[in-house]
Every structure is written in C-alpha cells, then in structure tokens.
Amino acid sequence: MAVMRMGYVHARVTDLAEAKHHYANTLGLYETLSTEGKVFYKGWDEWDHHSVVLEEGGVGVVKYGFKVEYSEDIDIIEKKARDFGLTVERMSKGENPEIGDGIRFTAPSEHVFEVYHEATQIGTEVGTHNPEAFPRHLVGVGVPGLDHSLILAEDVRTMENMFRAVFDFFPTERVQTDLNDDDAHYIATWMTSNNQIHQIAVLEGPQGKLHHFAFKLGDWNEIGRAGDLFAMDDVPIDIGPTRHGITRGQTIYFFDPAGNRNEVFAGGYLAYRDRPINKWTPDQIAKGIFYHAREMNERFTTVST
Amino acid sequence: MPIVSIQPTGEVIHLEPGETVLSGLYKAGFAYTVGCKRGGCAICKVDCLEGEFGYSHPIADSVISEEERADGTCLSCRAVPEGDITIQLRGEDVRLVNPFLAQINARARDRARAYAESRSGTATSKEN
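Protein chains in written order, with this note's numbering: chain A, 1 to 305; chain B, 306 to 433.
Don't read these hints as lab results, they were simulated from the structure.
Every residue gets a Cβ at the ideal spot worked out from N, C-alpha and C, and that includes glycine.
Check the hints yourself; a few may be wrong.
Between beta-carbon pairs, the in silico distance windows are [as the list claims (entries may be wrong)]:
hint, chain 1, residue 1, chain 2, residue 2, range
1, A, R248, B, Y420, 19 to 27 Å
2, A, Q121, B, I409, 36 to 44 Å
3, B, E321, A, P108, 43 to 51 Å
4, A, I76, B, R395, 46 to 54 Å
5, A, R294, B, S423, 53 to 61 Å
6, B, I409, A, A24, 32 to 40 Å
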C-alpha cells in the first residue's frame, strides 16, 4: 500500500477575487475549474486536475486529499482507519470535481482527510513528449506544485500514531521534550511516505487549525526571486528568506489575502524509512524552525487560521 | 481625516480616509503585535473605547464572533474608522520603531487640523 503524495488542499478564503489574484498572478498557479464560490488550481509541473481548491467564506483549511498508488489501497486504508478507531465514510466520484471514489475521515486533530486513487489527468504544462525544462511564460513565482502542509493539533503523538497506522507514514524529524521517545512529550512531528522530506507536519496547538500549506521551489535563487515578487505584490511576509534547521529546507512564510499562511519551500534532504529520526529539543526549537535568526518570531506559534 | 487616539499611552495618530487602523499605525512609525495583516488570524485585535469603525472586507466568523461584533472588539488590520476613534491595545503598548514616520504623521495631523479650522472659520464668516 502506498500514499503517493498530498494531492490537494482545500482552503477557505474571505474574498475569492482577491485570492485568485494571489494564487494565479503572484504564485502563478493555473486555474483549471471555476464553479460557484470555488476555484481549482494546479501548478505547472502537476498532471492531475487540481492541487489547490479555494472556497469563498471563512478562513482555514476544509480538507486534504491524499492520492494512493492503487485503488485497492483505499480499502486497505479504510480498514486501517477503522482499526485505529476513526469513523470513515465513503465518497463517490464527482463529490470533488474530477476526483474519483474514495474515503473520508476526520482525524483526532479535527482535520478532514480524503483518500483517492483517480483524478482526471490534465498533464503538465510541458507535456511528456520531449519536454522543455519549464514553461516559457510562467506568471509570477510560477510554483511547479503543492508540497506539504503543517497543521495544528492538541495531541501530536496521537496524530503521529494515526499517520503511521493509517497512511504508513514515518517521521523524519521531531521536536520532543526528551530524546527517549517513551519519556518524551511530542511538540511537533514531520512525516512522509517516501523520499519527500515531509508531506504533512503536526505542531502542538489548537485543534483543526491550519499553520500553512507550501509550494515547492527549486533552490535558494528561486526562493529569493519569490521574495522579490512578494515585495512587488505587497504580500505580507511572515519570515524569510531563511532556512529551516528541521528538514534543511529553504523558505519564505507569507500570507494569502485571507490571512492563510503559505510557504515556498526548496531543498530538504531525501527521506528514507531506515534513516534515524532527527530529534530537536525544545531549547533549540527556534534554531530548528528559523536556522539563521535562531529566534522564534512571535507569530510562529500564535498565528493560524 | 480620522484621528486614532491610543489609551492609556496617549499617542494621537492621523489616518488617511479609508485607511485601516493597522496600516495607519504602521505608516506612522508604530508597531505592535500583528500576524497575517489580512484579517485571518485575529492576533491584532484591540478594543475600541470610543468612536465608530467598519470593516473593509468580509471577516470570517471564526475570527470575530457575534458577541465581539458588538462589544467594541476591533480587528485592527481590517477596521476602517468612520470618524475619530479611541483604542486600547490588549496587554501591550505600541512601540515607536520609526520616529521619522511619526514626525511626518504629526505634521500631516497638524495640517489637517489647520485646514479643518480654516474651513470652519470660513463657514462661520459666511454665516455672519
């Protein structure tokens, strides 16, 4: 069984017109569908129909979709979710436009997760036939795709257990109060199913909240260029460009026009199931989050949607 | 030209028409605890002690509750004063981080006051 990636994030925005300007013109996502009160996007290097859904009304995250390799994986995950004690419901093809049958459950953190195997394939913007390196006329930052998300939960250890048991994820890094896992209180965990350094991370905080969702970029230069574009478009920057000690990724945190935190994220080392987990102690958490300043800004733990 | 007075520290800040409280305070060189600056995170709430304000954008119910809409809670990044208002920060004071901007704001305030007085003076003379 295999979860391949976070396929989509579905978020709420207070003003769809302003949000579209941000996600299409500043970040450079491609609009693939617009319905009453919703808009669907993909990045240029993504092939499935959408990776970002924005819905007008409110702020924060509605749900996440994780794509699995085989259709049978859905049944396997459904069973594992029930065994973990979760209430699982079936979702039918079309409940999410251009997404196939699947399941839906609410995690102990109160976040909603969907699992699916089929999505309408649109293809990347460079295609698969002798493809060019990138599309010639990218807009704004021109993010190639969705990368990961950080969510808040009261009980991080339970969430790690859930992602292990249900999605077969493994942690790559953790913030914990003791290096001995049995004695430790888990403050945050970064998890994945493959070589991607994290697909989901969980930080201790209020239930059901979104800390950020991130788009991938190639390297430091692209992060710097993104920062320049955020200045041009008056995008509020939370922090960066800087590096995370955790994951070693290069980053800018910024806010969309509804106040949801976004990130552009580059780098990060390769994750392996047999690689020992990097463990950070609370006294070094600031260095783990913001490697250069080594100081937590006042927003990291208090600002969420 | 709305004036924002801050209690209990007494700063008096001049805002452009249509400007939000947060934008006005930062443009006048002051800083305080803010987050997303886009109405989503609720961190920049202050209390409005006097005066009226409106919101320039829709605000999510998860950010401002029904009760808060009536009790003077002012989400400063989206709040646009409808006249002079008096606010009080929650658990902190504004910090002056750019005194040059504060000087510019003070001059703009003086000009606006002088202009208003000259206008009201003209009106009075006409009545006479």
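To see whether the hints hold, each was checked on the structure:
1. A/R248 - B/Y420: 19 to 27 Å: Because 57 Å falls outside the window, the suggested range is violated.
2. A/Q121 - B/I409: 36 to 44 Å: 56 Å, violated
3. B/E321 - A/P108: 43 to 51 Å: Given a distance of about 48 Å, which is inside 43 to 51 Å, the answer is holds.
4. A/I76 - B/R395: 46 to 54 Å: 50 Å, holds
5. A/R294 - B/S423: 53 to 61 Å: Taking Cβ atoms as reference, A/R294 and B/S423 lie about 55 Å apart, which means the hint holds.
6. B/I409 - A/A24: 32 to 40 Å: At 36 Å between Cβs, range holds.
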